[in-house]
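Please build the complete structure, drawing on both the sequences and the hints.
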Amino acid sequence: MKSGMRVGIEVGGTFTDLIEIREGIAHIAKVPSTPDQPDVGAINAIETAGVDLENVVDLVHGSTVATNAVLERKGGRVCVIVTKGMRDIFNLQRHDRTSIYDLKYKKPQPIINRQDVWELNERIDADGQVVQILDKRELEKLADKITAHEEYDAIAICLLNSYVNPDHERQVANIIKTISPQMPVTCSCDVSPEFREYERASTTALSAYVQPNIEGYLNRFLEKLKVKDFAGRFSIMQSNGGRMPAQAMSKNAITALYSGPAAGVVGATGIAEKIGYKNIITLDMGGTSTDVALIVNGTPDLTPQTKIDGLPVRTPVIDIATVGAGGGSIAWIDDGNLLRVGPESAGANPGPASYGRGGELPTITDAHLIRGTLQANSFLGGTMEVDLEAARSSFKSMSRKLSMPIEELADSSIRIAEANIVRAIQQVSTERGRDPRDFVIVAFGGAGPLHAARVAEDLDIGTVVIPPHAGVLSAIGLLMSDYVHFRARTERTQLVDSSLASIIDTLSDLRIQTENYLKSEGISEGLIFEYILEMRYVGQAFEVSVILEGGMKNLTINMILKAFSEAHHRIFEFSKPPENPVEIVSYRVGARTKSSELSAFTDGISGREKSRAEAKSIEITEGGLQAQCQLTTRQFITAGSSFGPILIEDGTSTIYVPPKWSALRDEANNIILKQKGE
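Mapped onto the UniProt record's numbering, the consecutive letters of the sequence shown carry residue numbers 1 to 678.
Among these hints, one or two may not hold up.
Below, computed lysine to any residue pairings styled on SDA-like, alpha-carbon distance capped at 25 Å [unchecked claim]: (1) K136 to K107; (2) K74 to K224; (3) K177 to P193; (4) K251 to E530; (5) K676 to A615; (6) K136 to I175; (7) K674 to I275; (8) K278 to R434; (9) K106 to I175; (10) K278 to G640; (11) K84 to D167; (12) K676 to T593; (13) K307 to P35; (14) K224 to M5; (15) K74 to K136; (16) K251 to P32; (17) K562 to A501; (18) K226 to K177; (19) K616 to D666; (20) K107 to P312; (21) K145 to I175; (22) K401 to D335; (23) K74 to D116; (24) K676 to I275; (25) K274 to G550; (26) K562 to E543; (27) K107 to K278; (28) K251 to D319; (29) K226 to E23; (30) K224 to R6; (31) K562 to S520; (32) K307 to D319; (33) K274 to Q635; (34) K278 to D438; (35) K576 to A541; (36) K104 to Q93; (37) K107 to A321.
The hints are simulated quantities; they were obtained by calculation from the structure and are not laboratory data.
Set out below in structure tokens:
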């Protein structure tokens with residue numbers, strides 16, 4: 001088996017991306033996704049790139065299978081076992097209103113039907129003491145009833161206060177496995193051993209809900225890989241920016257929820273850091289949505305909780321904001337006769353009107369073709385045919401209704417999409433106490449480089465970086481990812497001098513658990529540990545995440561208090577005097593392997609070796625004005641600055657350099673855009 005042959009495959013909502021690194025040379029493929037059978041799209045990418053799987057030693061995969069299962073409500077039918085009196089937890093949820101001015105507001109639709117929630121007469125109190133003993137005979141009868149329902153695909157167990165004492169959950173799981181060994185069982189003490197009952201129950205139920213989809217998909221994919229004689233390592237990207245062996249997904253499938261967006265963040269961070277940028281904002285615009293994230297000092301922000309379709313997920317994820325602004329996002333007119341874009345997308349099927357697959361609604365991709373910032377005869381490097389007239393036809397109805405020329409309407413649609421992206425960046429920067437002007441945008445995805453400069457203008461950001469192979473950077477990020485695992489525990493601890501020993505003991509215990517788990521998965525060398533405390537002032541309802549930069553070495557109460565005060569002030573613009581009591585609510589320890597080095601790679605042909613086609617002039621429409629724009633390729637951009645407007649066709653993506661911006665290509669083949677005056 002040849003060493004060094006590595007493959008990353010990322011299944012997106014519209015396209016499936018692949019990159020193979022073989023002896024420092026990148027071989028890439030970008031093919032349409034197959035939403036109903038995502039494994040087919042992945043195999044198509046392998047065949048298109050001509051990958052010899054027999055000689056691949058490392059295959060890393062990320063997909064939207066778990067995300068789509070939740071959004072489309074196509075997961076398995078799940079039975080949930082709860083403590084008696086907690087049957088309505090999924091319907092009651094929380095008492096807050098996430099949209100307080102919406103008169104038609106409804107709570108998120110739960111994935112669990114009330115008739116699928118079964119109560120068990122048991123009780124453990126908040127200190128972990130058994131109040132109501134678990135009756136084994138009652139449990140066996142309940143287990144018989146549940147397993148008799150052949151329509152159940154998985155079972156989730158979430159008992160009160162099991163994050164303190166998991167004994168009852170373990171007993172329930174063991175009985176079910178004895179009666180029905182093939183039934184997948186998910187325990188909250190494994191998935192989310194933290195307080196807040198609804199969030200823990202939601203996370204556990206979601207993990208069980210997507211597990212049949214994940215396992216079925218991975219099993220089908222593995223079978224197809226084996227047929228092609230693949231015998232290398234196979235790992236899956238997680239939402240926290242790290243990967244795990246594929247077999248680990250059966251223990252906690254929810255960790256794969258946002259694997260695709262997380263891979264893009266990892267790739268952008270690694271490439272930007274190599275050229276000296278540690279504070280960046282990632283802008284990943286694909287066919288369905290745009291994902292943005294903030295990177296401070298080379299480290300993505302992690303958040304302990306996120307939401308999907310309004311449902312909470314309590315697991316560490318990269319702090320990514322997503323908006324429905326992708327190439328396939330549909331432009332439409334609302335009840336007030338105002339132009340809107342997204343969140344609905346044409347996706348991969350039928351796709352934008354210009355794809356010729358039956359789509360008739362106007363999308364951002366169609367708008368770019370009309371505006372001239374995408375060229376029909378060289379779309380995706382000329383590998384895909386698109387229909388400009390079909391794109392124009394899709395906008396005709398709206399053009400008549402709004403009495404706007406089609407070109408102006410297309411341009412306005414693009415500007416609205418960019419405004420949505422700006423708002424998403426403000427969510428992860430300004431609303432987190434960070435000034436976006438102190439950051440550099442790294443743009444990627446098929447559509448990211450088209451919009452990045454205009455988005456940067458709106459945020460007063462002066463520099464944009466577009467890496468090589470930007471359209472498949474998420475696949476590159478898969479190969480740059482580390483093996484990562486987190487363990488958490490809720491244990492309220494007041495921050496006083498006498499509690500230091502207890503704090504260190506808890507962190508040490510979690511470190512041992514994390515290390516042992518990774519060893520059980522065959523990962524043991526070069527581990528780097530990260531320590532995070534969820535903290536608050538006593539009396540506050542919610543916590544802030546505090547990273548212990550120096551780990552446990554020479555740790556003191558004053559060091560923890562100082563780190564908390566800085567984190568609290570950055571988010572809320574205030575911190576209380578030192579005499580105010582502070583408490584730790586939860587502890588979190590993460591372990592990762594040393595950074596996976598991805599050596600410099602090229603597409604096999606340097607800029608000097610390629611035949612240089614002369615740049616030509618085209619006409620584009622922007623801001624209601626027509627302008628002459630230079631059309632060229634990445635290789636034609638030199639180390640000296642070239643001034644916009646320029647359209648740079650780049651195979652898997654297209655870069656737009658507006659007026660008042662310059663573009664240059666650095667030694668690592670990145671395109672650096674600078675706003676005038678920067």
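Hints and how they fare:
A C-alpha spacing of about 37 Å is found between K136 and K107, which places the hinted pair above 25 Å, so the restraint is violated. Using a Cα cut-off of 25 Å, the hinted pair K74 and K224 holds, with the two alpha carbons roughly 23 Å apart. About 21 Å separates the Cα atoms of K177 and P193, which keeps this hinted pair within 25 Å; it holds. For the hint linking K251 to E530, the alpha-carbon distance of about 22 Å falls within 25 Å, and the restraint holds.
Simply put, K676 and A615 have alpha-carbon atoms about 23 Å apart, close enough for the 25 Å limit, and the pair holds. Pair hint K136 plus I175 holds up; C-alpha atoms about 9 Å apart against a cutoff of 25 Å. Between the alpha carbons of K674 and I275 the distance comes to roughly 15 Å, so the proposed pair stays at or under 25 Å and holds. For a cut-off of 25 Å, the pair hint linking K278 to R434 stands: about 14 Å separates their Cα positions.
A distance of roughly 38 Å separates the Cα atoms of K106 and I175; the hinted pair therefore is violated under the 25 Å criterion. Restraint check for K278 and G640: satisfied, since their Cα atoms lie roughly 24 Å apart, inside the 25 Å limit. With a C-alpha separation of about 17 Å, the suggested pairing of K84 with D167 holds against the 25 Å cut-off. For the hint pairing K676 with T593, the CA-to-CA distance comes to about 41 Å; that exceeds 25 Å, so the pair is violated.
At most 25 Å may separate the alpha-carbon atoms for a hinted pair to count; K307 and P35 meet this at roughly 22 Å. For the proposed pair K224 and M5, the alpha carbon gap of about 19 Å is at most 25 Å, so the pair holds. Distance hint between K74 and K136 is unfulfilled; the C-alpha atoms sit about 34 Å from each other, more than 25 Å. Between K251 and P32 the alpha-carbon distance is near 30 Å, which puts this suggested pair outside the 25 Å criterion.
The hinted pair formed by K562 and A501 meets the criterion: a straight-line CA distance of about 18 Å does not exceed 25 Å. Annotation: proposed proximity of K226 to K177 is violated, straight-line Cα distance about 29 Å (limit 25 Å). Straight-line distance between C-alpha atoms of K616 and D666 comes to about 23 Å, which keeps the hinted pair within the 25 Å bound. Proximity of K107 to P312 is assessed by CA-CA distance (about 12 Å); at most 25 Å being required, the pair is judged to hold.
Of the pairs offered as hints, the one joining K145 and I175 holds, with about 12 Å between alpha carbons and a cut-off of 25 Å not exceeded. At most 25 Å may separate the alpha-carbon atoms for a hinted pair to count; K401 and D335 meet this at roughly 12 Å. Taking the CA atoms of K74 and D116, the gap is near 16 Å; set against the 25 Å cutoff, the hint holds. A threshold of 25 Å between alpha carbons decides the hint, and for K676 with I275 the separation of about 21 Å falls inside it, so the pair holds.
The hinted pair formed by K274 and G550 meets the criterion: a straight-line CA distance of about 24 Å does not exceed 25 Å. Taken as a hint, the K562 and E543 pair is honoured in the structure, with Cα atoms around 15 Å apart against an allowance of 25 Å. A C-alpha spacing of about 39 Å is found between K107 and K278, which places the hinted pair above 25 Å, so the restraint is violated. Between K251 and D319 the alpha-carbon distance is near 23 Å, which keeps this suggested pair within the 25 Å criterion.
Of the pairs offered as hints, the one joining K226 and E23 holds, with about 24 Å between alpha carbons and a cut-off of 25 Å not exceeded. At roughly 18 Å between alpha-carbon atoms, K224 and R6 fall within 25 Å of each other, so this suggested pair holds. In summary, the hint linking K562 to S520 is not supported, as the alpha carbons are separated by about 37 Å, beyond the 25 Å threshold. Under the criterion of a C-alpha separation no larger than 25 Å, the hint pairing K307 with D319 is consistent with the structure, at around 11 Å.
Annotation: proposed proximity of K274 to Q635 holds, straight-line Cα distance about 21 Å (limit 25 Å). Taking the CA atoms of K278 and D438, the gap is near 11 Å; set against the 25 Å cutoff, the hint holds. Using a Cα cut-off of 25 Å, the hinted pair K576 and A541 holds, with the two alpha carbons roughly 16 Å apart. About 18 Å separates the Cα atoms of K104 and Q93, which keeps this hinted pair within 25 Å; it holds.
Between K107 and A321 the CA atoms are separated by roughly 21 Å; this keeps the pair inside 25 Å, and the hint holds.
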